[in-house]
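Residue strings, one per chain:
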Amino acid sequence: MSELWFYLLAGMTVASAAATVLSPNPVHSALSLVITLFFVAVHYIALGAHLVAALQIIVYAGAVMVLFLFVIMLLNLQPDPDESRLNPVSAIATGAALILTVAIGRLMFAFGSTAPVANLPENFGTTKALAGILFRDHIVAFELTSLLLLVAVVGAVVLAQRDKGETRG
Amino acid sequence: MMESVATPAHYLVLSAVLFCIGALGMVVRRNLIIMFMSVEIMLNAANLTFVAAANQLGNMDGQAMVFFVMTVAAAEAAIGLAVILALFRNKQTVQADEIGLLKW
Numbered sequence: 001m002s003e004l005w006f007y008l009l010a011g012m013t014v015a016s017a018a019a020t021v022l023s024p025n026p027v028h029s030a031l032s033l034v035i036t037l038f039f040v041a042v043h044y045i046a047l048g049a050h051l052v053a054a055l056q057i058i059v060y061a062g063a064v065m066v067l068f069l070f071v072i073m074l075l076n077l078q079p080d081p082d083e084s085r086l087n088p089v090s091a092i093a094t095g096a097a098l099i100l101t102v103a104i105g106r107l108m109f110a111f112g113s114t115a116p117v118a119n120l121p122e123n124f125g126t127t128k129a130l131a132g133i134l135f136r137d138h139i140v141a142f143e144l145t146s147l148l149l150l151v152a153v154v155g156a157v158v159l160a161q162r163d164k165g166e167t168r169g
Numbered sequence: 001m002m003e004s005v006a007t008p009a010h011y012l013v014l015s016a017v018l019f020c021i022g023a024l025g026m027v028v029r030r031n032l033i034i035m036f037m038s039v040e041i042m043l044n045a046a047n048l049t050f051v052a053a054a055n056q057l058g059n060m061d062g063q064a065m066v067f068f069v070m071t072v073a074a075a076e077a078a079i080g081l082a083v084i085l086a087l088f089r090n091k092q093t094v095q096a097d098e099i100g101l102l103k104w
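Sequences listed follow chains W and R, in order.
Under my numbering, read the first sequence as residues 1 to 169, first letter to last.
Under my numbering, read the second sequence as residues 1 to 104, first letter to last.
You may find that some hints are simply not true.
Derived lysine to any residue pairs resembling SDA-like cross-links, with alpha carbons at most 25 Å apart [said to hold, decoys possible]: (1) R:K91 - W:A152; (2) R:K91 - R:L101; (3) W:K128 - R:A46; (4) R:K103 - W:K128; (5) R:K91 - W:V27; (6) R:K91 - W:Q78; (7) W:K128 - R:N59; (8) R:K103 - R:T93; (9) R:K103 - W:V27; (10) R:K103 - W:S90; (11) R:K91 - W:N25; (12) R:K91 - W:V157; (13) W:K128 - W:V27; (14) R:K91 - W:Q161; (15) R:K91 - R:V39; (16) R:K91 - W:A160.
With the C-beta cut set under 10 Å, the calculated list includes, among others, these residues of chain R facing chain W [stated by the list, open to error]: (17) V66; (18) A74; (19) A78; (20) L102.
I should point out that these hints are in silico values taken from the structure, not numbers from a laboratory.
For each residue, glycine too, the CB sits at the ideal point set by N, CA and C.
Work the whole structure out from these sequences, hints included.
Below you can see the structure in the form of structure tokens.
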């Protein structure tokens, strides 16, 4: 991908992430987050991670965000006018975040190779290659992941259900 | 003349910026659901780092790691939103500074 395209997409990614964080309305935040996740998926494709990009759209932008929106609608959250007001604490936090950005960014840039990777293997990022790694090299972690999901499902049901004695309403 | 292309370093810096936006949201916002979304942004920044490193090193283990991070994030979202739901049922609020059950 040419550098110009990268800067265009990266700018839009950062803008939508900032909109997620700054919007006073939770629904707008959730929709901005969906856009952010789509842009991150585009970056995955540019880096040759095709299966991961597909999973990002299906799992994150699909399933997880529906869950978020569902909870926002269920709680009927209203925009909070106080949230966007600039107070001293958030000003200090913003300054600290800017310094942190520069620090981590420098660190990352020092680690990152500035040479474009030209000779990636033919099957880099394909479903077959990733499945080979997941089911052969990381099979124990994969099985533990399925156990984690089972625990999460049971936990979510237990946490979200009403108490026995509680009256409906 | 060779056209300039985006390199792994570009993507690593982008992920640093995304991570800091998420961290800022976590600190500044009081709404629990938006704090949760900030965590998702930070997780995505970490995932982007993994994918960029996988590309740079020509090794797909980083992409396998992203798979695991996504699963954990999905589990975290399910549990976290259930906790928020239970909290809202008891306190009628999702503002973090109004929930001080453990403070004494």
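Are the Cα atoms of K91 of chain R and V27 of chain W separated by 25 Å or less?
21 Å, holds
Hey, K91 of chain R versus Q78 of chain W, does the alpha-carbon distance stay inside 25 Å?
Given pair K91 of chain R, Q78 of chain W holds - Cα atoms ~16 Å apart, limit 25 Å.
Should the interface hint for A78 of chain R be scored as holding, given a Cβ-Cβ cut-off of 10 Å against chain W?
4 Å, holds
Given hint L102 of chain R near chain W, where the shortest CB pair must fall under 10 Å
With a minimum Cβ separation of about 17 Å from chain W (threshold 10 Å), the hint on L102 of chain R is violated.
For the hint on V66 of chain R, does the least C-beta distance to chain W fall short of 10 Å?
With a minimum Cβ separation of about 5 Å from chain W (threshold 10 Å), the hint on V66 of chain R holds.
Pairwise hint evaluation, S90 of chain W against K103 of chain R, where the allowed Cα distance is 25 Å at most:
Given pair K103 of chain R, S90 of chain W holds - Cα atoms ~23 Å apart, limit 25 Å.
Assess, step by step, whether the Cα of K128 of chain W is no farther than 25 Å from the Cα of N59 of chain R, and give holds or violated.
14 Å, holds
Given the hinted pair K128 of chain W and V27 of chain W, is their Cα-Cα distance within 25 Å?
The hint is violated at about 37 Å.
Take the C-alpha atoms of K128 of chain W and A46 of chain R, compute the straight-line distance between them, and say whether it is at most 25 Å.
24 Å, holds
Holds or violated: are the alpha carbons of K91 of chain R and V157 of chain W at most 25 Å from each other?
Distance ~20 Å between K91 of chain R and V157 of chain W Cα, so the pair holds.
Do the alpha carbons of K91 of chain R and N25 of chain W lie within 25 Å of each other, as the hint requires?
21 Å, holds
Satisfaction of hint between K128 of chain W and K103 of chain R, Cα-Cα up to 25 Å:
51 Å, violated
In terms of the numbered hints stated before, the structure departs from hints 4, 9, 13 and 20, listed from lowest to highest.
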